[in-house]
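Participant: Start from the sequences and build out the full structure, keeping to the hints where you can.
Residues per chain, in single letters:
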Amino acid sequence: MTDVTAVTMKLNGVTRTASAVPPETTLLALLRNQFNLTGAKLGCDVGDCGACTVIVDGNAVNACLMLAAQADGSDVLTIEGLATLERLHPLQKAFEDNASLQCGFCGPGVILSAKALLDENPDPTQQEIRDALSGNLCRCTGYTKMIEAVQVAARALRAKPDA
Amino acid sequence: MKRRGRGIACMWYPIGFTVSANPSAATVKVNEDGTATLLTGTVETGQGSLTVLAQIAAEELGVATDDVHVVSADTDGTPMDTGAIASRTTYVTGNAVRLAAEKAKQILFETAAPMLGVKPEQLEARDRNIQVKGFPQRNVAISVVAHRAQVVMGQPPIGSASWNPPTLAMDPETGQGKPFSTYVYATQIAEVDVDDETGEVEVLRIVAAHDCGTAINPMLVEGQVEGGISMGIGFALQEQILFDDAGRQINPNLTNYIMPTTLDMPEIKVDIVDSYDPTGPFGAKGVGEPTSVPTAAAILNAIHDAVGVRITSLPATAEKVLAAIKAKQAQQTKRIAAR
Chain A
1 MTDVTAVTMK
11 LNGVTRTASA
21 VPPETTLLAL
31 LRNQFNLTGA
41 KLGCDVGDCG
51 ACTVIVDGNA
61 VNACLMLAAQ
71 ADGSDVLTIE
81 GLATLERLHP
91 LQKAFEDNAS
101 LQCGFCGPGV
111 ILSAKALLDE
121 NPDPTQQEIR
131 DALSGNLCRC
141 TGYTKMIEAV
151 QVAARALRAK
161 PDA
Chain B
1 MKRRGRGIAC
11 MWYPIGFTVS
21 ANPSAATVKV
31 NEDGTATLLT
41 GTVETGQGSL
51 TVLAQIAAEE
61 LGVATDDVHV
71 VSADTDGTPM
81 DTGAIASRTT
91 YVTGNAVRLA
101 AEKAKQILFE
111 TAAPMLGVKP
121 EQLEARDRNI
131 QVKGFPQRNV
141 AISVVAHRAQ
151 VVMGQPPIGS
161 ASWNPPTLAM
171 DPETGQGKPF
181 STYVYATQIA
191 EVDVDDETGE
201 VEVLRIVAAH
211 DCGTAINPML
221 VEGQVEGGIS
231 MGIGFALQEQ
241 ILFDDAGRQI
251 NPNLTNYIMP
261 TTLDMPEIKV
271 DIVDSYDPTG
281 PFGAKGVGEP
291 TSVPTAAAIL
301 NAIHDAVGVR
311 ITSLPATAEK
321 VLAAIKAKQA
331 QQTKRIAAR
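In order, the protein sequences belong to chains A and B. All residue numbers in the first sequence are consecutive under my numbering, ending with 163. All residue numbers in the second sequence are consecutive under my numbering, ending with 339.
By construction, these hints were calculated from the structure, which means they are not laboratory data. Just so you know, these numbers come straight off a predicted model, no measurement behind them. We treat Cβ as the ideally placed atom computed from N, Cα and C, and that holds for glycine.
Label-pair ranges, simulated between beta-carbon atoms: (1) A/Thr17 with B/Met80: 46 to 56 Å; (2) B/Asp274 with A/Pro122: 35 to 45 Å; (3) A/Ala6 with B/Leu254: 27 to 37 Å; (4) B/Phe243 with A/Asp119: 36 to 46 Å; (5) A/Asn33 with B/Ser160: 43 to 53 Å; (6) B/Asp76 with A/Thr17: 41 to 51 Å; (7) A/Ala83 with B/Asp66: 19 to 29 Å; (8) B/Phe243 with A/Ala6: 43 to 53 Å; (9) A/Asn33 with B/Pro136: 56 to 66 Å.
Facilitator: Below you can see the structure in the form of structure tokens.
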């Protein structure tokens, strides 16, 4: 049994390798500590709060529950990969315009859960949005303005799919 | 089967305690490019208070909110603040900000008055200009006035002010007094479905009418109300810290300390009541904590309306509601048998 392993992934569109990853390292620890991508938050660390949500091969996952080695060869998107220098992603813009976040700690996870939903289902019902965000806990907002923002972003993305 | 019920609850809540000193202070500096810098010790925790304070300074100075740069929360470089507590920031810190901006504006008026050939009291600040009241075309840009105040008049347009809701001692014999500067009021109505076979309660809809004085930023007020309602729903139905006999918490995690998710949240309608408090900045009072006060009471009243049982301890879990329903049914059966 080897002590460490190499993990290579396509991270926010760029191929990145971590050469010596101890086997117990979670994807969240790798992203935050090795790649300095601190947008995914360490909340409960047991998969309850969703603050660590990232997108792996198109699926929203709790990065605290996935081992880094399991992500080897995967396509990983974190909140840092969503906006460009020029503009916000339509989801981020809708969250900003609708005052959907307050303290913001849950924000990166919520937005990535919503993105995974909209990538699969561009025209979700309100119930489908609630289902998709049900793994992301928020203590501030009551979720109302988040759900509204996802609906706004869905409309914007349907009008301009490349936005 | 599911039984529907509606419940109502009302509350008042105090804003700006007066039983001890409760000051806030601010400095507002108008810059030579027409923007302003606001220094305040208060802390933004996500509720949007810095946005509201920037709006208050902007309104007083006649500039845009985006023109106001807020420097906050560093007590080395900003005035001390009593705290982002007690739903006091908009009301107490807001009053300090408005007064500081007013002082800076007064210097702009004194500088602009000779430029426009009028007295300072004939001037107003609007649309990034200092202009003559009733004659807005007679104006000079705030940037020009601020520059002139600095380099010609030698009186930079800076204002500092503090505000403290007048401290009032209670009557030591009667305990009577005025412990708070002002009060806010709200009514919330909950509509629920209660399953009388399982005791499970589903909140379908909450309508919340809140008097927060004049809402400086209605969207942020809605956010506070919606968030408070989610906390109220957790308080009413889900959230409970459980201890063992030794006083250790046995649910110190989010797996079995259950707080509301998107699936627990009902449709919410927020009604911001038209109101104006003359002691608040531009009529504003506050909204933070009051939002979660009436929610649990409204929900428990709705449970009573739906299935006729009074739950008197929180949270009203399915087990508790079902036990109450069964106790009521047993009592009714006994009455029938006795006849």
